[in-house]
Amino acid sequence: MNKRRLFVLILSVVLAVPALAGCGNNKTTADENETVKTETSKTVSQAAESDKIKITFLNGFTGGDGEFMRKITDGFNASQSKYEVVESQEKDHLTQFKANGSDLVVIPGSSLYTYEEDGMVQELSSVYKEAGVAIDDFIPAAQDIVNMNDGLYAFPLDIHPLTMFYNKELVPEAPKTFEDLVDINTKLQAENTDIYVMAIPGSGLVEYYYMGLAAQNGIDIVNDGYCNFATDEFADTLMKWHDMIFVDKLSPANLGLDAEFTSFAKTADDITTQAAIALTGPWYYSAAKEIYGDNLGIASIPTIGEENATYGGSHTIAVSSQVTDEEKLAGIAAFFNYLYDPENLLNWADSGQTPVHQETLEIIKANPEKYPLPAANAEAVETAKTGPKVYNSNEQLSYISNNTFGRIVSEENLAREELMTELEKATEIARQIAQEQ
Amino acid sequence: MKKEKRFSILFFMPFMVCFILFWLIPFVYGCYMSVNKVSLTKGNVGFVGLSNYLALFNEASMYASEFIEALKNTVLFVIISVPLLVITAFILALIIDNLPDKLKGFFRTIYFMSYAVSVTAVSAIFLWLFNGNGGFINNIIAKPISWLESQPYAWIVLAIVTLWWTVGYNMILFINGLNSIDGALYEAASVDGANFLTRLRYITLPGLKNVMTYVTLMSIISSFNLYGQSSLITKGGPSQSTRSLIMVIYDTILQKNNLGVGSAMSIVMGIIVMAFALCQQYLAKEKKDLMEVNGSEKP
Amino acid sequence: MKSHKKKLRNMVIVIIASIIAYLFLIPLLYMIFTSFKSLSESISSSELLPNLWTLENYFSIFADTTTSPIIRWLLNTAIVTGVGTLLVVIVDSLAAYALARLQLPGKRKILLIIVWVMTIPGIVTVFPSFYLFKNLNMINTFIPLVVPYTANAMGVYLIYNFLIDFPKSLEEAAMVDGASLFRIYREIVIPCIKPVILTLAFITFLSIYNDYLWPSLVVSINQMKTMTVGIASLVLGSNFVNPGLMMASTVFAVLPALILFLLLNKYIVREDIHVGIK
Numbered sequence: 005m006n007k008r009r010l011f012v013l014i015l016s017v018v019l020a021v022p023a024l025a026g027c028g029n030n031k032t033t034a035d036e037n038e039t040v041k042t043e044t045s046k047t048v049s050q051a052a053e054s055d056k057i058k059i060t061f062l063n064g065f066t067g068g069d070g071e072f073m074r075k076i077t078d079g080f081n082a083s084q085s086k087y088e089v090v091e092s093q094e095k096d097h098l099t100q101f102k103a104n105g106s107d108l109v110v111i112p113g114s115s116l117y118t119y120e121e122d123g124m125v126q127e128l129s130s131v132y133k134e135a136g137v138a139i140d141d142f143i144p145a146a147q148d149i150v151n152m153n154d155g156l157y158a159f160p161l162d163i164h165p166l167t168m169f170y171n172k173e174l175v176p177e178a179p180k181t182f183e184d185l186v187d188i189n190t191k192l193q194a195e196n197t198d199i200y201v202m203a204i205p206g207s208g209l210v211e212y213y214y215m216g217l218a219a220q221n222g223i224d225i226v227n228d229g230y231c232n233f234a235t236d237e238f239a240d241t242l243m244k245w246h247d248m249i250f251v252d253k254l255s256p257a258n259l260g261l262d263a264e265f266t267s268f269a270k271t272a273d274d275i276t277t278q279a280a281i282a283l284t285g286p287w288y289y290s291a292a293k294e295i296y297g298d299n300l301g302i303a304s305i306p307t308i309g310e311e312n313a314t315y316g317g318s319h320t321i322a323v324s325s326q327v328t329d330e331e332k333l334a335g336i337a338a339f340f341n342y343l344y345d346p347e348n349l350l351n352w353a354d355s356g357q358t359p360v361h362q363e364t365l366e367i368i369k370a371n372p373e374k375y376p377l378p379a380a381n382a383e384a385v386e387t388a389k390t391g392p393k394v395y396n397s398n399e400q401l402s403y404i405s406n407n408t409f410g411r412i413v414s415e416e417n418l419a420r421e422e423l424m425t426e427l428e429k430a431t432e433i434a435r436q437i438a439q440e441q
Numbered sequence: 006m007k008k009e010k011r012f013s014i015l016f017f018m019p020f021m022v023c024f025i026l027f028w029l030i031p032f033v034y035g036c037y038m039s040v041n042k043v044s045l046t047k048g049n050v051g052f053v054g055l056s057n058y059l060a061l062f063n064e065a066s067m068y069a070s071e072f073i074e075a076l077k078n079t080v081l082f083v084i085i086s087v088p089l090l091v092i093t094a095f096i097l098a099l100i101i102d103n104l105p106d107k108l109k110g111f112f113r114t115i116y117f118m119s120y121a122v123s124v125t126a127v128s129a130i131f132l133w134l135f136n137g138n139g140g141f142i143n144n145i146i147a148k149p150i151s152w153l154e155s156q157p158y159a160w161i162v163l164a165i166v167t168l169w170w171t172v173g174y175n176m177i178l179f180i181n182g183l184n185s186i187d188g189a190l191y192e193a194a195s196v197d198g199a200n201f202l203t204r205l206r207y208i209t210l211p212g213l214k215n216v217m218t219y220v221t222l223m224s225i226i227s228s229f230n231l232y233g234q235s236s237l238i239t240k241g242g243p244s245q246s247t248r249s250l251i252m253v254i255y256d257t258i259l260q261k262n263n264l265g266v267g268s269a270m271s272i273v274m275g276i277i278v279m280a281f282a283l284c285q286q287y288l289a290k291e292k293k294d295l296m297e298v299n300g301s302e303k304p
Numbered sequence: 002m003k004s005h006k007k008k009l010r011n012m013v014i015v016i017i018a019s020i021i022a023y024l025f026l027i028p029l030l031y032m033i034f035t036s037f038k039s040l041s042e043s044i045s046s047s048e049l050l051p052n053l054w055t056l057e058n059y060f061s062i063f064a065d066t067t068t069s070p071i072i073r074w075l076l077n078t079a080i081v082t083g084v085g086t087l088l089v090v091i092v093d094s095l096a097a098y099a100l101a102r103l104q105l106p107g108k109r110k111i112l113l114i115i116v117w118v119m120t121i122p123g124i125v126t127v128f129p130s131f132y133l134f135k136n137l138n139m140i141n142t143f144i145p146l147v148v149p150y151t152a153n154a155m156g157v158y159l160i161y162n163f164l165i166d167f168p169k170s171l172e173e174a175a176m177v178d179g180a181s182l183f184r185i186y187r188e189i190v191i192p193c194i195k196p197v198i199l200t201l202a203f204i205t206f207l208s209i210y211n212d213y214l215w216p217s218l219v220v221s222i223n224q225m226k227t228m229t230v231g232i233a234s235l236v237l238g239s240n241f242v243n244p245g246l247m248m249a250s251t252v253f254a255v256l257p258a259l260i261l262f263l264l265l266n267k268y269i270v271r272e273d274i275h276v277g278i279k
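Quick note, the sequences are listed as chains A, B and C, same order.
Add 4 to a position in the first sequence, counting from 1, and you land on the number used in our numbering.
Add 5 to a position in the second sequence, counting from 1, and you land on the number used in our numbering.
Add 1 to a position in the third sequence, counting from 1, and you land on the number used in our numbering.
Bound conformation, chain A alone (with noise of 0.2 Å):
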């Protein structure tokens, strides 16, 4: 080709650019809030056009929870003309929020004070109002994550504890005590040794772990901001998990991420070890309700240390900071009043989720057939513990769940300094992070 050609194509290129340019959706919420503007401050039946005022919402429900949440959204905006709430269902939601914003978003309860202090959310006390929802509806451990700085900056949808799956077959009553799982382990190991009562993961769920068993001794590591973690009662808690593998032997050692369930979802007649109880997310119910269908049994996770309670994750729904207009936030309120009706937050509980509204609440309860995995997560979601009120809390546990849990499942003779010496180390790294504030 010469050169000639050559130049007839590059300029065909470089046109075609400024064209792609033009397509595209390229309106920002900024754009949509003017158009809305100026509609509205119009005559009211101009409100009732095509023109409804929008409501971006944004979450992270991907997978098997996003069309129930959709469901719930379809149904808000069909039952009204007004506003329309746009959902998205993003894999690296709080990532897309940080970069593009939205103006409704689903935030982890335990990042919730993270996201306040930075000023990306916005208090709710008048929404809350509009909506005709008190914070009194909901559970005292949901209250106490939405609760923060003398104001409430998001309404809780549901929490999400770790919750025990057994298998029927080779357990016939759920373990409830520590006791019961030795000996159901010693019953097990006794007929075949490649089946143990559990399996300790030794990445991934971690945090449920370390985080329940130190619910259950009382333990509050939240010192002045930060996780202290360098503490004769955590360092206890964590050995605890330790001696369970290597001196229990209720588990065996140096698993790996989610060995906690595909343990438990082994089938026999593989050469593997196998779970006969899994403590895990209630995110697996449909996949172990497959593999055992009546065989399953779920059920609250057995008391290994003090007291019975469970630790776990939460959701909650706040409205970014960069929501000020009025109509805007009559349309949130609108919305949220429509979630909190039971008929429809109903709709969440159906994907396996434990909403912590306590109307609704008493509603799954009664109905345990069509709501099997809320109403047997329903008791321990009210004393269920979540995320520590701190800085970004997920970084400052984050190095006891990568480094250290992995040190307690695959090392048999580490010594109490050595632990302490990880533990002082995390703490320091904790402190370092929440002065990021």
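Accuracy of the hints is not assured; some may be wrong.
Result set (DSS-like, lysine-lysine): computed pairs, CA atoms no more than 30 Å apart in a straight line [stated by the list, open to error]:
id, chain 1, residue 1, chain 2, residue 2
1, C, 7, B, 109
2, C, 7, B, 107
3, A, 75, A, 293
4, A, 429, B, 77
5, B, 47, A, 393
6, B, 109, C, 195
7, A, 180, A, 293
8, A, 172, A, 244
9, A, 191, B, 148
10, B, 107, C, 8
11, B, 107, C, 6
12, A, 95, C, 135
13, A, 75, A, 133
14, C, 267, C, 7
15, B, 42, C, 135
16, B, 214, B, 109
17, A, 429, A, 244
To spell it out: a stretch of chain A is covered by chain B in this simulated footprint if at least three of its residues, at any positions, have a beta carbon under 8 Å from a beta carbon of chain B; those stretches are [stated by the list, open to error]:
id, segment
18, 397-407
19, 410-417
Partner residues are not named here, just some residues of chain A that face chain B (Cβ under 7 Å, in silico) [stated by the list, open to error]:
id, residue
20, 124
21, 260
22, 433
By construction, these hints were calculated from the structure, which means they are not laboratory data.
Since this is a predicted model, take the numbers as computed values, not measurements.
In this text, a Cβ means the ideal position worked out from N, Cα and C, and glycines have one as well.
With chain A fixed as given, assemble chains B and C onto it according to the hints.
Frame of chain A; chains B and C shown alone:
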């Protein structure tokens, strides 16, 4: 000559414009961010001079311990993977070259196909293959190994995954390189009675000098940029021993919410990689000069 | 005697190549077979083949096209990869030619800068670029999805290395023979450049196609997503991934790349010039 010079600038112009607009300007902006306290949520809070950089080398800072740890891990990975990637690609290219013509395309496709799979899928596949509890590999070998939970097995898995996923590209480059060696040289050599190894040493390898250098350089750069496999398969484990530099940088920006330190880390990483690259180029040039002195220069 | 030896040698090589091919294929076979497994089987089983073959994963992908407009995503991706690859190939080959053949002033310095730029990790420019496009109000348009890939110096370096290896003597001989510049380009340069141009095109296509972070930042509207980003939000659950569903989506996502490669396969490697200069 003058006309050619003018044409050369014209030809280079489109790339230069794109480069300035979409790399240089963001890069300068990135440097600017590295001397400020910036985050995705709070924006630019203020100028902090070199403190982001100093935090990387200050033992007391959490950023330093993560950065140095990750640097060690990444350099280890580069040392393991680059020779593996280059030599295996070369061997595969030789095999293909020596296949009967009809089969060349078929095998080429099989070895290169894996390159098209996304890193998420590659990781899911190998997570299953190397699962410590009854995974495919563990069911075949005699004694099950905790591949992903202990070293050196975790590195071995990462090396195998990277090899499977990316060796096809290097192989194609080597194949092209092999094909561009003048056949007359081989004919002359076989007339002289040279065997396979002699031909390899005196004709093939010198003829592949440039390709070899290019492939090695590219492999060094891409191994330094290890991210997908280590974050999805080993998740940086066991005990953060496979945590790579890019993982730490992403973490710093997205989890620790510090875009300033993250940018500083990337720039320091760039300097380190560049040092490696320059070393490699220097060594390659040295070797090339040596070979030319020995008279195996191309005619 | 000699041909017998050759046949034996060929057979040995084919056997070795086949064993290696089998090793390469195992992961791909897992990918394909798992896409036909149900959720429970894909999590619990370590068998390669499914006990119960099911198409449910494939149906899931296409189930809800209002929230997951696969066709629109495919279209977006086709535009983005098509235009992006074309731009990159044109821009890079022009620049490489200027460096390799035409006397570009400052050539040595430019080459050094190019190598240096390649060593800087891409993450340095991701967020600054994002902010720049955001301030220009170009989020959710095609521009940021297509254009930034042209700044990648790797392609220039690749073609440059290819060109300098390619002996000028053929061109010069043809010139001495009185062939016009046009004929030289068409009959000598293009057949020799084609393999590397197509290799670059294919590699660029793959890197644009499989890119996740950048498109996920610059697009926030469902209709503008690319295949990779769209499928990720469809398949990657918030807490765990359904392996069967993920493999089905990968099989689906890999098809375009595979088809492209099968088409280009012959042209990606150049024919042997064992002919030489006669």
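Checked hints:
1. C:7 with B:109: holds (17 Å)
2. C:7 with B:107: Cα-Cα ~16 Å, so holds.
3. A:75 with A:293: Holds, at roughly 23 Å.
4. A:429 with B:77: holds (19 Å)
5. B:47 with A:393: holds (20 Å)
6. B:109 with C:195: Between residue 109 (chain B) and residue 195 (chain C) the Cα gap is close to 18 Å, so the pair holds against 30 Å.
7. A:180 with A:293: Holds: residue 180 (chain A) and residue 293 (chain A) sit about 22 Å apart, inside 30 Å.
8. A:172 with A:244: holds (26 Å)
9. A:191 with B:148: holds (26 Å)
10. B:107 with C:8: holds (14 Å)
11. B:107 with C:6: holds (19 Å)
12. A:95 with C:135: It holds: about 21 Å lies between the C-alpha atoms, which stays within 30 Å.
13. A:75 with A:133: Roughly 25 Å between the alpha carbons, so the hint for residue 75 (chain A) and residue 133 (chain A) holds.
14. C:267 with C:7: Since the Cα atoms of residue 267 (chain C) and residue 7 (chain C) sit roughly 25 Å apart, the hinted pair holds (cutoff 30 Å).
15. B:42 with C:135: Holds. Residue 42 (chain B) to residue 135 (chain C) sits at ~20 Å (cutoff 30 Å).
16. B:214 with B:109: holds (23 Å)
17. A:429 with A:244: holds (20 Å)
18. 397-407: Since 5 is at least three, the answer is holds.
19. 410-417: Holds: 3 residues of the segment 410-417 of chain A have a Cβ under 8 Å from chain B.
20. 124: Constraint on residue 124 (chain A) satisfied, holds at 6 Å.
21. 260: Constraint on residue 260 (chain A) satisfied, holds at 5 Å.
22. 433: Holds. Min distance 5 Å.
Violated hints: none; the structure is consistent with every hint.
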